[in-house]
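Q: Here are the chains, one letter per residue:
Number of protein chains: 2
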Amino acid sequence: MKASEIRELLKWVTENVISFGGGMPDPSSFPVKEIIEITRDVLSTKAERALQYGTTGGILELREELIRFMNKEGIKIDKPENIIITVGSQEALDIIGRLFINPGDYIITESPTYLAALQAFRIYGPRIIGIPMDNEGIKIDALEDTIRKIIDNGTKPKFIYVVPTGQNPTGITMSMERRKALLNIASRYDLLIIEDDPYGYIYFGDDHPPARLKAMDSEDRVIYLSTFSKIAAPGLRLGWVAASSEVIRWFELAKQSIDLHTSTLNQYIAVELLRRGIIERNIPRIKEIYRSKRDLMLQALSEYMPDGVTWTRPSAGMFIWLTTPEKIDTGEMLGVAVKKYGVAYVPGKSFYPSEDRHNDMRLNFTYPTPQQIFEGIKRLALTIREYLSQ
Amino acid sequence: MKASEIRELLKWVTENVISFGGGMPDPSSFPVKEIIEITRDVLSTKAERALQYGTTGGILELREELIRFMNKEGIKIDKPENIIITVGSQEALDIIGRLFINPGDYIITESPTYLAALQAFRIYGPRIIGIPMDNEGIKIDALEDTIRKIIDNGTKPKFIYVVPTGQNPTGITMSMERRKALLNIASRYDLLIIEDDPYGYIYFGDDHPPARLKAMDSEDRVIYLSTFSKIAAPGLRLGWVAASSEVIRWFELAKQSIDLHTSTLNQYIAVELLRRGIIERNIPRIKEIYRSKRDLMLQALSEYMPDGVTWTRPSAGMFIWLTTPEKIDTGEMLGVAVKKYGVAYVPGKSFYPSEDRHNDMRLNFTYPTPQQIFEGIKRLALTIREYLSQ
Numbered sequence: 001m002k003a004s005e006i007r008e009l010l011k012w013v014t015e016n017v018i019s020f021g022g023g024m025p026d027p028s029s030f031p032v033k034e035i036i037e038i039t040r041d042v043l044s045t046k047a048e049r050a051l052q053y054g055t056t057g058g059i060l061e062l063r064e065e066l067i068r069f070m071n072k073e074g075i076k077i078d079k080p081e082n083i084i085i086t087v088g089s090q091e092a093l094d095i096i097g098r099l100f101i102n103p104g105d106y107i108i109t110e111s112p113t114y115l116a117a118l119q120a121f122r123i124y125g126p127r128i129i130g131i132p133m134d135n136e137g138i139k140i141d142a143l144e145d146t147i148r149k150i151i152d153n154g155t156k157p158k159f160i161y162v163v164p165t166g167q168n169p170t171g172i173t174m175s176m177e178r179r180k181a182l183l184n185i186a187s188r189y190d191l192l193i194i195e196d197d198p199y200g201y202i203y204f205g206d207d208h209p210p211a212r213l214k215a216m217d218s219e220d221r222v223i224y225l226s227t228f229s230k231i232a233a234p235g236l237r238l239g240w241v242a243a244s245s246e247v248i249r250w251f252e253l254a255k256q257s258i259d260l261h262t263s264t265l266n267q268y269i270a271v272e273l274l275r276r277g278i279i280e281r282n283i284p285r286i287k288e289i290y291r292s293k294r295d296l297m298l299q300a301l302s303e304y305m306p307d308g309v310t311w312t313r314p315s316a317g318m319f320i321w322l323t324t325p326e327k328i329d330t331g332e333m334l335g336v337a338v339k340k341y342g343v344a345y346v347p348g349k350s351f352y353p354s355e356d357r358h359n360d361m362r363l364n365f366t367y368p369t370p371q372q373i374f375e376g377i378k379r380l381a382l383t384i385r386e387y388l389s390q
Numbered sequence: 001m002k003a004s005e006i007r008e009l010l011k012w013v014t015e016n017v018i019s020f021g022g023g024m025p026d027p028s029s030f031p032v033k034e035i036i037e038i039t040r041d042v043l044s045t046k047a048e049r050a051l052q053y054g055t056t057g058g059i060l061e062l063r064e065e066l067i068r069f070m071n072k073e074g075i076k077i078d079k080p081e082n083i084i085i086t087v088g089s090q091e092a093l094d095i096i097g098r099l100f101i102n103p104g105d106y107i108i109t110e111s112p113t114y115l116a117a118l119q120a121f122r123i124y125g126p127r128i129i130g131i132p133m134d135n136e137g138i139k140i141d142a143l144e145d146t147i148r149k150i151i152d153n154g155t156k157p158k159f160i161y162v163v164p165t166g167q168n169p170t171g172i173t174m175s176m177e178r179r180k181a182l183l184n185i186a187s188r189y190d191l192l193i194i195e196d197d198p199y200g201y202i203y204f205g206d207d208h209p210p211a212r213l214k215a216m217d218s219e220d221r222v223i224y225l226s227t228f229s230k231i232a233a234p235g236l237r238l239g240w241v242a243a244s245s246e247v248i249r250w251f252e253l254a255k256q257s258i259d260l261h262t263s264t265l266n267q268y269i270a271v272e273l274l275r276r277g278i279i280e281r282n283i284p285r286i287k288e289i290y291r292s293k294r295d296l297m298l299q300a301l302s303e304y305m306p307d308g309v310t311w312t313r314p315s316a317g318m319f320i321w322l323t324t325p326e327k328i329d330t331g332e333m334l335g336v337a338v339k340k341y342g343v344a345y346v347p348g349k350s351f352y353p354s355e356d357r358h359n360d361m362r363l364n365f366t367y368p369t370p371q372q373i374f375e376g377i378k379r380l381a382l383t384i385r386e387y388l389s390q
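Chain order of the listed sequences is A and B. Be aware that the first sequence starts at 1, since it is given in full-length UniProt numbering, and climbs by one per residue. Be aware that the second sequence starts at 1, since it is given in full-length UniProt numbering, and climbs by one per residue.
Identical copies carry no separate label here, and so any pair may be met within one copy or between two of them.
In silico SDA-like cross-links for lysine to any residue, where the CA-CA straight-line distance does not exceed 20 Å: (1) K378 with V17; (2) K33 with R285; (3) K339 with R385; (4) K79 with R221; (5) K33 with R276; (6) K33 with T45; (7) K33 with E48; (8) K180 with N135; (9) K46 with E15; (10) K33 with S44; (11) K156 with D141.
It is worth saying that the hints were derived from the structure and are not from the lab.
Construct all of the structure, not just a fragment, from the sequences and the given hints.
A: Structure below.
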């Protein structure tokens, strides 16, 4: 498995190595004091429910709070029956694979795309076609060409998987024009869209974030995924899916045999994080932390990187995508980066469904400290310079 | 899906209906105050880890505490690498299906057996052969006959799934003799055993509970499953698997793409529940609650049930298995039981892999109050009498 190779490499990462390899939020953004208070309150008033088995779909109060939370962002969800609570978004990705993919089926993703989504889908044996991106997101012409070719083959892609805002791994946010075009294509060819939106609520660009696909989904063809991992804390393992009640019912049947339901206690904690406005008040703080760390990394990159190296300027998400000149294989370079220079990243290759590019890397800017960001980028630049001069 | 039919029926259950249908622990057994304290302590001292992403296998401290916990029960597990933390035992059952079952494979279970295990396995398309039980557990001769027949067919069962202590749904505890014979057969035919043990730690019989299969497993052929749902609280959604490090590694690879990892916060809560001796001190209390409720249900059953009705006398678990005369179809009777008499149960049919029996039912004695137990059994007896007199 590709991910385990990277894991092996990243095991070299000791205290002296600065890692841009992970995908973890800044722990200073966790609402710790509030979760302590909430847990006490929840367990003092409804322990007999919060510690008991619950329903597979998730507790009603949480689904109702999520409806309000999404409505504020323009996502119109009417009924709790349109929502299911999952063990992080990862579980939703696995269930999507289970529900929609039969071996040999075509599915479409951005290229590069979220590695753990590729892993989750691959279990079910699909043919994954990656569509190239530019700074506005997925390339619509290439997408339509691909869809046509698949249809000419006598079949149809099962879905189009996209991370429209602050994409993992590139940090790119799909433009409004592309979003409309994507929905239009999905409508014309009658296709499902999976909108994976972990970062939409913490968009930190200067402009207004473009509307969610789900907010413009008049034909119920978008399955929307999000998570508490970036707006509250990943350790709660809470995600949710919003879709037509029919799709949610399929999710429930699948989830029932996978794990019965998501932790009731954690769901009640999330209810109160929403109800008490803690998440709403926390979001500007998270945005500020992420924006300033991004700025710092961008600054360090322009300061230290040699000519010929390029990178994205994300307005959301947790990653910058860096591209070196063709002669460098970032997978091969990682060993030297870690062992000689003390800096780690994730090589870009495994984010491509076809693994056909070797000179990119993903850099996380949310977890390392400001000092680590500056020093780490310096080290990375030295590594790249060494390789370029060979 | 069978389970959903029962769910539909059980939706009729209103406040005026006494339900023996669920499988929930008595909420008065939850260590509420202690979980409040622990959450405060954990989040005050290590929130940056307890709320962050964790490793797929589970946090090291919890696996180490579980080693000590199991060792006290005679289960010798040496290393954290022999344990993985799951989202309840249900997730372990799903992963077992994913890892071991290809469509058409034979697997063997007790008959009747745990419904949610059947559901989890069935997703993967096996041929499930149920082996009849008596009061000592699975019938060894029938088991060996079945294994031989499968081998004569040129194949081999992928595993034998058993709930040896306080089985769900029958409440039967497998005798020591049968356990040894089962291990012996598994050894002779080189087969895996799945030992599902949610109830072993709260054995409330007068005698000493028989040793776990895993405690006698000298050949590393037992995959052992247990859960915090019955010794602490189901709402935490915490289970664990103990097996060879090779098997645990496969579990980790599967779980990584299913949900990354189990809630870190809940794992740290479990560490402290074990470390502070709270679970150990709580267990005698749970046993006492369960024993007295079982006694009450047994007393009510002998008082009210007509001749020809028989039932088990469990020393562990949460269920009594009741068998009516052949002329009654308990599935068909459920509607009348609920609507006319105000009492609910789970019809026995779906617990049989082959669904070839119609006159049993599962009765839960841990969740209803003492008053409900007495009144509910009275109502159930009236229902059965009406059906017998027709």
